[in-house]
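J.: If you're matching positions, the sequence shown starts at 0 in numbering that gives the first Met the number 0 and goes up one per residue.
What the hints contain is simulated information worked out from the structure, not anything from laboratory work.
Incorrect hints may appear among the rest.
[What the hints assert, rightly or not] Quick list of in silico lysine to aspartate or glutamate cross-link-like pairs, EDC-like style, CA-CA up to 20 Å:
| id | residue 1 | residue 2 |
| --- | --- | --- |
| 1 | LYS161 | ASP147 |
| 2 | LYS161 | GLU174 |
| 3 | LYS186 | GLU205 |
| 4 | LYS186 | GLU174 |
| 5 | LYS129 | GLU113 |
| 6 | LYS161 | ASP182 |
| 7 | LYS129 | GLU82 |
| 8 | LYS56 | GLU82 |
| 9 | LYS163 | ASP199 |
| 10 | LYS202 | GLU140 |
| 11 | LYS161 | ASP175 |
On a predicted model such as this, the values are computed, not experimentally measured, just so you know.
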Amino acid sequence: MPHLMIVSAAGTSQRRLVSDTVAREGAMGYILSSRREGGDWNDLLSSENGVGLFEPKRLVLVEEAQELGKFPLGMESLLEGPESCTHILLVYSDEPRSLFEKDIHARLAWLKGEDIPRFGIARQRWVEAKAGEMGLSFSPEAMGLLLDTVEDPEEMLSELRKLKEFPRGGPIGVEDVRTLCFDEGEKALLQLLDGLCEADRNKVVESFRHVRRRELIPVVAALHNRFRLALYRSCMTSSRCRKSAGEALKARPYQDRQAEQATRHYSSEALSALIRDLCAVNIGEKTGNRGGWVELEMILLDFLVSSRQRPTKKA
Numbered sequence: 000m001p002h003l004m005i006v007s008a009a010g011t012s013q014r015r016l017v018s019d020t021v022a023r024e025g026a027m028g029y030i031l032s033s034r035r036e037g038g039d040w041n042d043l044l045s046s047e048n049g050v051g052l053f054e055p056k057r058l059v060l061v062e063e064a065q066e067l068g069k070f071p072l073g074m075e076s077l078l079e080g081p082e083s084c085t086h087i088l089l090v091y092s093d094e095p096r097s098l099f100e101k102d103i104h105a106r107l108a109w110l111k112g113e114d115i116p117r118f119g120i121a122r123q124r125w126v127e128a129k130a131g132e133m134g135l136s137f138s139p140e141a142m143g144l145l146l147d148t149v150e151d152p153e154e155m156l157s158e159l160r161k162l163k164e165f166p167r168g169g170p171i172g173v174e175d176v177r178t179l180c181f182d183e184g185e186k187a188l189l190q191l192l193d194g195l196c197e198a199d200r201n202k203v204v205e206s207f208r209h210v211r212r213r214e215l216i217p218v219v220a221a222l223h224n225r226f227r228l229a230l231y232r233s234c235m236t237s238s239r240c241r242k243s244a245g246e247a248l249k250a251r252p253y254q255d256r257q258a259e260q261a262t263r264h265y266s267s268e269a270l271s272a273l274i275r276d277l278c279a280v281n282i283g284e285k286t287g288n289r290g291g292w293v294e295l296e297m298i299l300l301d302f303l304v305s306s307r308q309r310p311t312k313k314a
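Could you build all of it, start to finish, from the sequences and the hints given here?
T.: Below, the structure written as structure tokens:
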């Protein structure tokens, strides 16, 4: 008789929980023997109820298990505990407890996805804890960059595993994150954003040829997000107000630091003009009145020229 195991999770968290459970069951000798989608309780339980005493342990994976509906009354006798030679892993995207009578809950194995914080210091602590489990340590700047640029928790875990494969003597730095965690397009976009914030003309111009390969509107959106924050900060005099601007826009520490750096290089007038021009490019792209990459590059070069720290001319 089979033992029922219930997975309750959604999206990438569900995939990781299923994958980890299959691996853990495999280590216990339960070999994945079949996969199903939905189906019928009578067919599922009867077909998996005939394993002989000396047959190998097996695991049956049932995805879209909500299609099975409510567990039928009177079939409780077909269920067994964890000692069963057949484990059935039922995968639900929503909480399925209401589909099973309360008196059989204790006989089932309930596997729930980890509650992962999405924002703020709780999210940072979760990432730091996962990094610590893998033996990784980060400089504050590198951790800030990783938090700012990787949104999805499963992607974050993937990036941490990637960083673990490249041992180093000290903490992981910003360049390690840039090199190992971003493709060429992502690295170029980050270089463009940071180069503008730092008024580094070489960095900005070098990024153009790679950034050009990306869709224009997402690049404009990234520029707008970074420099809108810088504009708001430039219009405020007290440090408390400047901090509140970042909090209001839900800016992460790395974005906040880079936006603050931009305020040292550009006036509020220059930042305001940039935001206006970026909005114009966005509208032009959406209405067919397109200037495209040429227009955007000219806007960014003009913005760089407005920097307060222009290179001194040689005599």
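J.: Determine for every hint whether it applies to the structure shown.
T.: Quick rundown of the hints versus the structure:
Our distance criterion of 20 Å between C-alpha atoms is met by LYS161 and ASP147, whose separation comes to about 17 Å. As the CA atoms of LYS161 and GLU174 are separated by approximately 14 Å, the hinted pair is consistent with the 20 Å bound. Of the supplied pair hints, the one linking LYS186 and GLU205 holds, its CA atoms being roughly 11 Å apart against a limit of 20 Å. For the hint pairing LYS186 with GLU174, the CA-to-CA distance comes to about 10 Å; that is within 20 Å, so the pair holds.
The straight-line distance between the Cα atoms of LYS129 and GLU113 is roughly 12 Å, inside the 20 Å bound, and the hint therefore holds. The suggested pairing of LYS161 with ASP182 holds, with an alpha-carbon distance near 13 Å, which does not exceed 20 Å. Straight-line distance between C-alpha atoms of LYS129 and GLU82 comes to about 32 Å, which puts the hinted pair past the 20 Å bound. Using a Cα cut-off of 20 Å, the hinted pair LYS56 and GLU82 holds, with the two alpha carbons roughly 10 Å apart.
A distance of roughly 32 Å separates the Cα atoms of LYS163 and ASP199; the hinted pair therefore is violated under the 20 Å criterion. Proximity of LYS202 to GLU140 is assessed by CA-CA distance (about 19 Å); at most 20 Å being required, the pair is judged to hold. Restraint check: the Cα-Cα separation between LYS161 and ASP175 comes to about 11 Å, which is no more than 20 Å; the hinted pair holds.
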